[in-house]
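Student: Read off the chains here:
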Amino acid sequence: MTRHLPWIATAIVGAVALWVVAVSRGEAVNALWIVVAAICCFMVAYRYYALFIARHVMRLDPARPTPAFRRADGLDYVATDRTVLFGHHFAAIAGAGPLVGPVLAAQMGYLPGTLWIIFGVVLAGAVQDFMVLFISMRRDGKSLGELIRMEMGQVAGTIALFGAFMIMVIILAVLALIVVKALAESPWGLFTVAATVPLAIAMGAYTRWIRPGRVGEVSLLGLIGLVAAIVYGQAVAQSPVWGPLFTLTPVQLCWLLIGYGAVASVLPVWLLLAPRDYLSTFLKIGAIAALAIGIVIMAPPLKMHAVTRFVDGSGPVWAGGLFPFLFITIACGAVSGFHALISSGTTPKLIASEAHAPLIGYGAMLMEAFVAIMALVGASILDPGVYFAMNSPAAVIGTDPASASAAVTAMGFPISPDSIVQTARDVGEHTIISRAGGAPTLAVAMAEIFSHVVGGPAMKAFWYHFAILFEALFILTAVDAGTRAGRFMLQDLIALAVPAFKDTASHAPGIVATGLTVAAWGFFLHQGVTDPLGGVNTLWPVFGISNQMLAAIALMLGTAVLFRMKRDRYAWVTMVPTGWLLACTLSAGWLKLFSADPKVGFLSHAAKFGAAADAGQLLGPARSMADMERILFNDRVDAALVATFLAIVLALLFFTVRTCLAARSADVPTAREIPAQPVPAE
Amino acid sequence: MRRLFDLARRTARLMVGLPDYDSYVRHMAAHHPGDPVMNRTQFFRDRQQARYGGRNGGRCC
Chain A
1 MTRHLPWIAT AIVGAVALWV VAVSRGEAVN ALWIVVAAIC CFMVAYRYYA
51 LFIARHVMRL DPARPTPAFR RADGLDYVAT DRTVLFGHHF AAIAGAGPLV
101 GPVLAAQMGY LPGTLWIIFG VVLAGAVQDF MVLFISMRRD GKSLGELIRM
151 EMGQVAGTIA LFGAFMIMVI ILAVLALIVV KALAESPWGL FTVAATVPLA
201 IAMGAYTRWI RPGRVGEVSL LGLIGLVAAI VYGQAVAQSP VWGPLFTLTP
251 VQLCWLLIGY GAVASVLPVW LLLAPRDYLS TFLKIGAIAA LAIGIVIMAP
301 PLKMHAVTRF VDGSGPVWAG GLFPFLFITI ACGAVSGFHA LISSGTTPKL
351 IASEAHAPLI GYGAMLMEAF VAIMALVGAS ILDPGVYFAM NSPAAVIGTD
401 PASASAAVTA MGFPISPDSI VQTARDVGEH TIISRAGGAP TLAVAMAEIF
451 SHVVGGPAMK AFWYHFAILF EALFILTAVD AGTRAGRFML QDLIALAVPA
501 FKDTASHAPG IVATGLTVAA WGFFLHQGVT DPLGGVNTLW PVFGISNQML
551 AAIALMLGTA VLFRMKRDRY AWVTMVPTGW LLACTLSAGW LKLFSADPKV
601 GFLSHAAKFG AAADAGQLLG PARSMADMER ILFNDRVDAA LVATFLAIVL
651 ALLFFTVRTC LAARSADVPT AREIPAQPVP AE
Chain B
1001 MRRLFDLARR TARLMVGLPD YDSYVRHMAA HHPGDPVMNR TQFFRDRQQA
1051 RYGGRNGGRC C
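First to last, the protein sequences are chains A and B. Just so it is clear: in the first sequence, position 182 is 182 by the numbering used here, and no numbers are missing. Just so it is clear: in the second sequence, position 27 is 1027 by the numbering used here, and no numbers are missing.
Hint data in this document are derived by calculation from the structure and do not stem from the laboratory. Remember, predicted model here, so these are calculated numbers, not experimental data. Among the hints, a few may not be true.
[Unchecked claim] Just the calculated beta-carbon pair ranges, DEER-fashion:
#1 A/L267 with B/R1003: 35 to 45 Å
#2 A/G286 with B/A1030: 53 to 63 Å
#3 A/R569 with B/R1003: 38 to 48 Å
#4 B/R1003 with A/R211: 41 to 51 Å
#5 A/N30 with B/H1032: 51 to 61 Å
[Unchecked claim] Listed below are several chain B residues computed to face chain A (Cβ distance under 8 Å; list not exhaustive):
#6 M1001
#7 R1003
#8 L1007
#9 M1015
#10 P1019
#11 S1023
#12 G1034
#13 R1040
#14 T1041
#15 F1044
#16 Q1049
#17 A1050
#18 G1053
The beta-carbon is built from N, C-alpha and C at its ideal position, and this holds for glycine as well.
Construct all of the structure, not just a fragment, from the sequences and the given hints.
Tutor: What follows is the structure in structure tokens.
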């Protein structure tokens, strides 16, 4: 009993903190309450729920050799210290998602997002990562597609592979869109990000020929270059010659990014991708740690309301009510299907003992949820007037400070035109109006926090551009790496019909597949950039739906495996989150297709524009009949995409139910684990 | 202190896909004696290609 006492105390502290966050009204709540509530909940969940899953549901066996021992090769399969592996896994799963989703979700207030992140990760997100890691670890570290094929059949595996490719395309488009939103009309930001290309190439040459393998050394040199780029960026932005050269419109940036994606993904990896990944990975970990320290030191009060009136679905940042759209807006951070690809990627090949799986699978995801909590805190310490001026589309609030101030004040968040102008000046930008996408908002918040700790108000502009650079850097790395991964996925898929496509030695299939992948995400990026409502409005929900559907698929795999292991009585561990995710994603998908509100439903939006076009009228923001045609076409493509996701998830639900029923009627376990047999010690 | 630094260094290297070279050499000596062993530079290039070539599924959003 005594060993439970500290945990009971932790639980009580967490409950009190959560209570304060939930019921305080009137006076500002300190952000630390949210942080304390999250940390306490996560610790108790890790100590009890993860242990319960490990002992009773999975029955982990520390004596059972992991793939790192069974197939040890010193390269891919290496038994790794658990702290080192935790860092590797966390760096692989944490990206832009947990930073952006919570910022967008803050339009409903900080409370709904906080509760969803805490309960979502404990009951769904961390369970998913842990479960997939467990399944893959017992099957030689096979990938998600192969696992589904092994346990649920060939057809189910192929459908899942196709779904994963589609999700990849949407993720790349939405990430690229965030970069466009952050860098458009921002010469300082664009210069610093552009400077990373020659910088990375110089680093690549250094690690290739001068000092191969000296990653730490070259990263330090790179960091010095980055800081210099941020410092000189201000002079470049103000220069009459260079300033205009680096001031691009969103559409110009969009084409630049598409071209960049096409070229970068066929260059040798050591030249650009690898060195920039060193920078972005270390910068990411450093910035996350600095943000945590900064929040604790600053202890800022939350200025956003606990719950805003936009829970009814009338919000300007994204359309749709609390259920189901909040739960798909915060995808990464609460539960992210993409993690299933990481948990069945390199991590299961490196894990040294099954006993480490709770820390790596469950623990690393809790850590990512903590990152999401910090992003939510960041968005909520800003003046709500600034938040809505930054995140509302220009179609709603106009483009000058006077109109934005009037529109945001009318929403119920008073702000003067002067404070909008002053906020932009503080961070060294021309304007902060309608910079949706999460990254700029978070950068303003990080500038607020960092300048409080280091440098004071004079450093705000530096920290803002540092934050933008850090986000843009790892998003561009993800675009480059994702295009390569998408190319191979597509090659595998096409090879099912045209076997010659599998031939990785010849160049033509690779170039065709790369071109198709870039064209696919480029299409959605262009659509998002030219969307009058700001693009994030349309694309983020589609991304959220696709990501949560992949999570539902991974949890369905977990359920099928538990049934096949004859552990039906514990299958609720995966069935409950599966049920919730299916409810959220199927209803969100349905609303995106068929909602009568043209702001939510693609088809009713198309119908509205179609009727107007037939009558020969132009509906704002379209300026010509060609615009009208394009809006109609985009709506139909988006509707088809959502319908495809719905079909994929329903098909996999069918295969899961079939697998579970078959497993129940069998007398013996049918899961295809690699049998436990000892291997000689290393 | 030294151990802690070493742990941090190995964590940072594995974050960018570089496993421990010494473990690789030990593995080759124990299980494949006589086989050719990559030197540090070759090992670095091999792992770089393996991580970024695209077959490993990339990274998360």
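Student: Hint by hint, note whether the structure agrees.
Tutor: Hints and how they fare:
no.	hint	in the structure
1	A/L267 with B/R1003: 35 to 45 Å	holds, 39 Å
2	A/G286 with B/A1030: 53 to 63 Å	violated, 37 Å
3	A/R569 with B/R1003: 38 to 48 Å	holds, 44 Å
4	B/R1003 with A/R211: 41 to 51 Å	violated, 25 Å
5	A/N30 with B/H1032: 51 to 61 Å	holds, 59 Å
6	M1001	violated, 16 Å
7	R1003	violated, 11 Å
8	L1007	holds, 6 Å
9	M1015	holds, 4 Å
10	P1019	holds, 5 Å
11	S1023	holds, 6 Å
12	G1034	violated, 15 Å
13	R1040	holds, 6 Å
14	T1041	holds, 4 Å
15	F1044	holds, 4 Å
16	Q1049	holds, 6 Å
17	A1050	holds, 7 Å
18	G1053	holds, 6 Å
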